[in-house]
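Enquirer: Each chain, written out:
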Amino acid sequence: MMSIELALRNVRKNLREYTVYFLTLTFGVCVFYSFNAIESQQAIMGASASNGRVFKEFTQIIGIVSVFVSIILGLLILYANRFLIRRRKKEFGVYLTLGMNRGQISRILIGETVLVGLFSLAAGLALGVSLSQGMAVLTAKLMKVPVERLQFVFSAQSLIKTVVYFGVVFGLLLVFNAFMISRQKLIDLLYADRRSEWFKTPKLAQSVVVFVISLVCLGWAYGTVLTGGTAKVLDSASLRYVILAGVVGTFLFFFSLSGFLLKVFQQTKSVYLKGLNAFVLRQLSSKINTAYVSITMVCLMLFVSICTLCAGLGLSTSISQELRRGTPFDATFSTAARSNQAEGSYSGVDLPAALAQIGLPLGSVASQSLVVRYYEAGLTVPLMVRENGFEQRHEAKTYLLKLSDYNAVLRLMGQAPIALSPGHYAINYAVANAAMKRATQEYVDSRPTIAVNGVTLSAGPDTFHDNVMEVLQNQDYKMTLVVPDHLVTGLAPARDALHLNYLDPKDRSESLVQQAHPLLRAELKVDVSLWTRQEVEAFGNSTSVLVAYVAIYLGIVFLIASAAVLAIGQLSEMSDSLSRYGALRKIGVEDKMLNRSIFAQVLVYFGLPMALAAVHSVIGVAIAEQVVSAFDKGSVLGSSLFTAAVLLIVYGGYFLATYQGGKAMLRRQYAQSRRGVD
Amino acid sequence: MTSQQMPEGAVPPVILEVQDVVKLYGGKGNLTKALNGISFAVAAGEFVGIMGASGSGKTTLLNCISTIDTATSGRILIGGSDITSMKQSDLSRFRRESLGFIFQDFNLLDTLTGYENIALALTILRRSPREIDRRVKAVAAVLGISQVLKKFPYQMSGGQRQRVASARAIVTEPTLVLADEPTGALDSKSAKELLENFQSLVRQRAATILMVTHDAFSASHCDRILFIRDGQLFHQVVRGGSSRKSFFDQIMQVISLLGGDANDVD
Numbered sequence: 001m002m003s004i005e006l007a008l009r010n011v012r013k014n015l016r017e018y019t020v021y022f023l024t025l026t027f028g029v030c031v032f033y034s035f036n037a038i039e040s041q042q043a044i045m046g047a048s049a050s051n052g053r054v055f056k057e058f059t060q061i062i063g064i065v066s067v068f069v070s071i072i073l074g075l076l077i078l079y080a081n082r083f084l085i086r087r088r089k090k091e092f093g094v095y096l097t098l099g100m101n102r103g104q105i106s107r108i109l110i111g112e113t114v115l116v117g118l119f120s121l122a123a124g125l126a127l128g129v130s131l132s133q134g135m136a137v138l139t140a141k142l143m144k145v146p147v148e149r150l151q152f153v154f155s156a157q158s159l160i161k162t163v164v165y166f167g168v169v170f171g172l173l174l175v176f177n178a179f180m181i182s183r184q185k186l187i188d189l190l191y192a193d194r195r196s197e198w199f200k201t202p203k204l205a206q207s208v209v210v211f212v213i214s215l216v217c218l219g220w221a222y223g224t225v226l227t228g229g230t231a232k233v234l235d236s237a238s239l240r241y242v243i244l245a246g247v248v249g250t251f252l253f254f255f256s257l258s259g260f261l262l263k264v265f266q267q268t269k270s271v272y273l274k275g276l277n278a279f280v281l282r283q284l285s286s287k288i289n290t291a292y293v294s295i296t297m298v299c300l301m302l303f304v305s306i307c308t309l310c311a312g313l314g315l316s317t318s319i320s321q322e323l324r325r326g327t328p329f330d331a332t333f334s335t336a337a338r339s340n341q342a343e344g345s346y347s348g349v350d351l352p353a354a355l356a357q358i359g360l361p362l363g364s365v366a367s368q369s370l371v372v373r374y375y376e377a378g379l380t381v382p383l384m385v386r387e388n389g390f391e392q393r394h395e396a397k398t399y400l401l402k403l404s405d406y407n408a409v410l411r412l413m414g415q416a417p418i419a420l421s422p423g424h425y426a427i428n429y430a431v432a433n434a435a436m437k438r439a440t441q442e443y444v445d446s447r448p449t450i451a452v453n454g455v456t457l458s459a460g461p462d463t464f465h466d467n468v469m470e471v472l473q474n475q476d477y478k479m480t481l482v483v484p485d486h487l488v489t490g491l492a493p494a495r496d497a498l499h500l501n502y503l504d505p506k507d508r509s510e511s512l513v514q515q516a517h518p519l520l521r522a523e524l525k526v527d528v529s530l531w532t533r534q535e536v537e538a539f540g541n542s543t544s545v546l547v548a549y550v551a552i553y554l555g556i557v558f559l560i561a562s563a564a565v566l567a568i569g570q571l572s573e574m575s576d577s578l579s580r581y582g583a584l585r586k587i588g589v590e591d592k593m594l595n596r597s598i599f600a601q602v603l604v605y606f607g608l609p610m611a612l613a614a615v616h617s618v619i620g621v622a623i624a625e626q627v628v629s630a631f632d633k634g635s636v637l638g639s640s641l642f643t644a645a646v647l648l649i650v651y652g653g654y655f656l657a658t659y660q661g662g663k664a665m666l667r668r669q670y671a672q673s674r675r676g677v678d
Numbered sequence: 001m002t003s004q005q006m007p008e009g010a011v012p013p014v015i016l017e018v019q020d021v022v023k024l025y026g027g028k029g030n031l032t033k034a035l036n037g038i039s040f041a042v043a044a045g046e047f048v049g050i051m052g053a054s055g056s057g058k059t060t061l062l063n064c065i066s067t068i069d070t071a072t073s074g075r076i077l078i079g080g081s082d083i084t085s086m087k088q089s090d091l092s093r094f095r096r097e098s099l100g101f102i103f104q105d106f107n108l109l110d111t112l113t114g115y116e117n118i119a120l121a122l123t124i125l126r127r128s129p130r131e132i133d134r135r136v137k138a139v140a141a142v143l144g145i146s147q148v149l150k151k152f153p154y155q156m157s158g159g160q161r162q163r164v165a166s167a168r169a170i171v172t173e174p175t176l177v178l179a180d181e182p183t184g185a186l187d188s189k190s191a192k193e194l195l196e197n198f199q200s201l202v203r204q205r206a207a208t209i210l211m212v213t214h215d216a217f218s219a220s221h222c223d224r225i226l227f228i229r230d231g232q233l234f235h236q237v238v239r240g241g242s243s244r245k246s247f248f249d250q251i252m253q254v255i256s257l258l259g260g261d262a263n264d265v266d
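First to last, the protein sequences are chains G and V.
If you read the first sequence in this note's numbering, its first letter stands for residue 1, the second for the next number, and so on.
If you read the second sequence in this note's numbering, its first letter stands for residue 1, the second for the next number, and so on.
Bear in mind the hints are in silico, worked out from the structure with no lab data behind them.
Heads up, the beta-carbon is just placed ideally off N, CA and C, and yes, glycines get one too.
Among the hints, erroneous ones may be present.
[As the list claims (entries may be wrong)] Okay, derived cross-link-like pairs now, BS3-like style, lysine-lysine, Cα gap no bigger than 25 angstroms in a straight line:
{"hint": "1", "chain 1": "G", "residue 1": "Lys274", "chain 2": "V", "residue 2": "Lys245"}
{"hint": "2", "chain 1": "G", "residue 1": "Lys586", "chain 2": "V", "residue 2": "Lys137"}
{"hint": "3", "chain 1": "G", "residue 1": "Lys586", "chain 2": "V", "residue 2": "Lys245"}
{"hint": "4", "chain 1": "G", "residue 1": "Lys586", "chain 2": "V", "residue 2": "Lys150"}
{"hint": "5", "chain 1": "G", "residue 1": "Lys269", "chain 2": "V", "residue 2": "Lys150"}
{"hint": "6", "chain 1": "G", "residue 1": "Lys274", "chain 2": "V", "residue 2": "Lys192"}
{"hint": "7", "chain 1": "G", "residue 1": "Lys269", "chain 2": "V", "residue 2": "Lys137"}
{"hint": "8", "chain 1": "G", "residue 1": "Lys592", "chain 2": "V", "residue 2": "Lys87"}
{"hint": "9", "chain 1": "G", "residue 1": "Lys269", "chain 2": "V", "residue 2": "Lys245"}
{"hint": "10", "chain 1": "V", "residue 1": "Lys87", "chain 2": "G", "residue 2": "Lys263"}
{"hint": "11", "chain 1": "G", "residue 1": "Lys203", "chain 2": "V", "residue 2": "Lys150"}
{"hint": "12", "chain 1": "G", "residue 1": "Lys263", "chain 2": "V", "residue 2": "Lys151"}
[Claimed, not checked] Rough simulated footprint, nothing fancy, chain G against chain V, three-plus residues with beta-carbon under 8 angstroms:
{"hint": "13", "region": "96-105"}
{"hint": "14", "region": "112-119"}
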């Protein structure tokens with residue numbers, strides 16, 4: 001059929017013209033597939049139960065994020081498509097004058113869209129499947145899971161999902177394009193390349209005023225963040241104003257920038273009237289004047305992308321560090337009343353004896369062991385927690401621990417025991433949250449007295465400790481009051497803990513302990529929980545990998561989207577300006593000079609939003625750093641370096657592709673003009 | 001052949017010398033001779049017109065002289081330098097420094113003001129801002145476009161645009177100005193004004209202009225007309241002391257002599 005033939009030829013022609021469009025589609029499909037195929041990666045790892053659960057969670061969260069991602073990519077594709085169509089209006093006009101009807105043109109366009117879709121889908125999937133192989137090994141490495149067998153990783157589910165999601169996007173594209181064609185008048189199509197809209201350069205005074213307003217907005221937002229600190233900024237009301245001021249400031253900045261810069265440069269004649277500077281500045285200002293909305297969007301997307309990458313990776317490191325805190329021993333069994341049992345019904349259990357009962361004497365798995373008992377004293381400690389601008393009273397439930405037990409735990413962890421002078425108590429609270437920690441310190445500093453078992457104790461110097469005293473994953477650390485041994489007599493036990501350090505080989509001990517857990521739960525009529533170092537570390541690693549992957553996924557998609565918007569915008573501008581370059585060449589401008597002017601334009605066009613986004617990000621990452629370090633000390637430097645590397649590769653790649661694409665257009669135009677069309 | 005016009009006194013130097021130029025298009029199977037051994041010379045301060053039917057080779061000739069295209073054989077000397085033996089990199093510089101161009105479709109940069117368009121020819125020569133300013137204003141005064149310098153091309157009339165383009169071509173004081181159908185897109189009043197401008201450029205600024213046209217009215221403003229047919233110099237007419245009207249009649253006679261599709265004169 002003729003329209004298919006035409007469509008095929010058009011696609012081949014456009015393949016060269018619109019490398020960036022195809023690259024973007026292909027990258028989008030590739031990233032989408034790779035991240036949705038994460039579940040299939042466990043094929044190369046040991047199929048242990050905990051991994052299975054982790055991957056299920058991975059897939060679910062990535063799935064939710066993917067809906068969002070597909071919307072971004074969909075909008076990006078529609079945007080790019082609009083440029084493709086706009087460029088080709090004249091061609092469609094010619095088809096119409098040749099006597100084709102709109103239906104036939106729509107069919108050509110459908111054919112093209114389908115071909116482009118199939119091509120980029122196939123290329124993206126091929127790339128995605130190959131990327132998955134490397135990513136699987138990386139995932140295993142990051143999760144510190146051994147690669148058991150290297151095999152081909154493939155996810156049919158992700159493949160289908162990718163095809164369906166992008167199918168929907170292309171379907172929308174078809175409808176959009178058909179609608180577009182049906183609405184156009186022939187005359188408009190034929191003369192589409194005649195520019196009729198002209199932007200009036202705004203008055204200098206107007207530009208200056210708007211520019212100053214934008215700087216004031218941004219300055220205020222920065223100032224609030226930098227002087228107020230986290231507490232003030234994260235207060236929701238003030239954060240809203242900061243974001244609003246940032247967005248408005250960014251918009252006004254780009255809105256007024258070109259007029260402002262143009263005027264400034266025009267005043268300095270020695271710069272303006274040198275080489276092609278006047279031409280380059282006019283090109284840029286007319287471009288920025290018409291595209292300030294999309295440049296603002298790109299700048300904000302870049303900002304989000306940089307912050308996501310930086311903070312996400314920082315958070316990921318801090319999560320795994322924080323979780324690793326919870327592994328002072330190889331394993332901890334702990335018992336307490338079941339949730340359905342009445343309060344006070346717990347009378348304590350002898351864990352070593354119970355283990356021996358079910359056939360696992362301690363000596364067979366543990367090189368070191370320690371039994372610790374916590375007592376119930378009905379005590380709570382009032383903490384005033386100040387966070388996010390709010391002050392909240394928090395009653396911390398406190399259990400009692402004998403000084404000798406506490407010191408035994410410290411010794412097992414390899415720390416020096418503490419001394420407690422008579423009439424004093426100590427508090428151990430492993431809480432990681434900075435505000436809670438501050439509140440506890442303030443409480444202790446106020447030297448309160450506490451009555452235990454009829455005896456009044458006071459806080460001495462060096463009262464507050466924050467040791468993690470058991471293996472625990474969920475970081476639900478309880479406050480413990482350390483008191484002289486004799487004070488606990490007659491008190492009801494609250495929970496018992498058995499800490500173990502394994503005999504070698506540790507894997508064997510681990511599996512024996514894991515097997516014992518359900519047996520012990522059946523044997524004892526209380527709640528028995530078990531956490532092992534291996535479990536917590538695996539969870540920590542996988543959680544941090546998940547956070548990192550979601551951050552990288554979103555960060556890269558945002559980055560691709562913004563770079564592609566810039567590249568497509570610049571290239572379409574370039575092709576609109578080809579006649580200008582032709583004119584320049586005719587009056588004797590060398591190719592080297594023309595290429596330099598293209599380079600300057602692409603550089604400024606890519607550099608401006610990136611520069612402002614980078615400044616925004618320094619502030620954004622400063623906030624993120626405080627949030628992350630409120631959680632725990634996470635290194636933002638490492639993630640900043642990684643972010644810079646990703647930026648360099650993706651953004652730099654698009655920059656180069658745009659510059660090369662622009663040069664190629666120029667060369668083609670030159671070749672065509674030399675062939676002589678007279 | 002009519003003998004060349006000679007003003008009294010010193011003989012003006014030859015600016016352009018085209019010697020036996022051949023231009024072949026196409027491959028072995030379908031060879032086209034666009035220029036078939038054409039030779040002529042243009043002296044300094046001459047306003048020369050080139051006429052010929054469509055396909056006669058006049059545009060090819062102009063492209064070869066303007067270094068946009070290269071001749072297959074023969075020599076072209078402009079101001080004493082042989083452009084047929086120049087390297088590609090030298091050609092751009094030569095074009096910039098020694099030639100001025102005026103096109104049918106103006107080729108003004110629509111993003112630049114009139115002033116900036118004219119200045120562009122000088123900025124790419126790295127002239128100082130002060131010199132640029134002086135020369136732009138001087139040439140604008142000669143061409144009567146001082147009022148439109150701050151306007152963008154889309155805010156000007158066709159005639160004003162072409163005069164801005166002419167100013168750009170002449171502002172660098174090139175050895176030779178090449179004009180390709182400069183009046184083609186202009187109404188008759190604007191065309192007349194432009195051609196009178198060309199005449200004053202030749203007289204006041206000693207410019208040398210080579211203009212391709214197929215319009216006899218435009219041609220009648222020249223000092224000399226070269227007629228081209230089938231890639232060869234067919235005839236030439238010199239105005240001498242005759243009035244524009246009688247020169248126009250002379251040109252019309254040659255055109256009717258040329259016959260064939262040369263009747264596409266508007």
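Enquirer: The structure should be examined with respect to each hint, and the outcome stated for every one.
Expert: Evaluated hints:
1. Lys274(G) x Lys245(V): The hint is violated at about 46 angstroms.
2. Lys586(G) x Lys137(V): holds, 23 angstroms
3. Lys586(G) x Lys245(V): Distance ~35 angstroms between Lys586(G) and Lys245(V) Cα, so the pair is violated.
4. Lys586(G) x Lys150(V): Since the Cα atoms of Lys586(G) and Lys150(V) sit roughly 23 angstroms apart, the hinted pair holds (cutoff 25 angstroms).
5. Lys269(G) x Lys150(V): Holds, at about 15 angstroms.
6. Lys274(G) x Lys192(V): Roughly 35 angstroms separates the two Cα atoms, so the pair is violated.
7. Lys269(G) x Lys137(V): holds, 15 angstroms
8. Lys592(G) x Lys87(V): Measuring from Cα to Cα gives roughly 15 angstroms; hence the hint holds.
9. Lys269(G) x Lys245(V): Violated: Lys269(G) and Lys245(V) sit about 48 angstroms apart, past 25 angstroms.
10. Lys87(V) x Lys263(G): violated, 40 angstroms
11. Lys203(G) x Lys150(V): Holds, at roughly 14 angstroms.
12. Lys263(G) x Lys151(V): Satisfied, since the Cα-Cα distance of roughly 16 angstroms is no more than 25 angstroms.
13. 96-105: As far as the region 96-105 of chain V goes, the hint holds, because 5 residues have Cβ atoms under 8 angstroms from chain G.
14. 112-119: Contact hint for the region 112-119 of chain V vs chain G: holds, 3 residues under 8 angstroms.
When each numbered hint is compared with the structure, violations occur for hints 1, 3, 6, 9 and 10.
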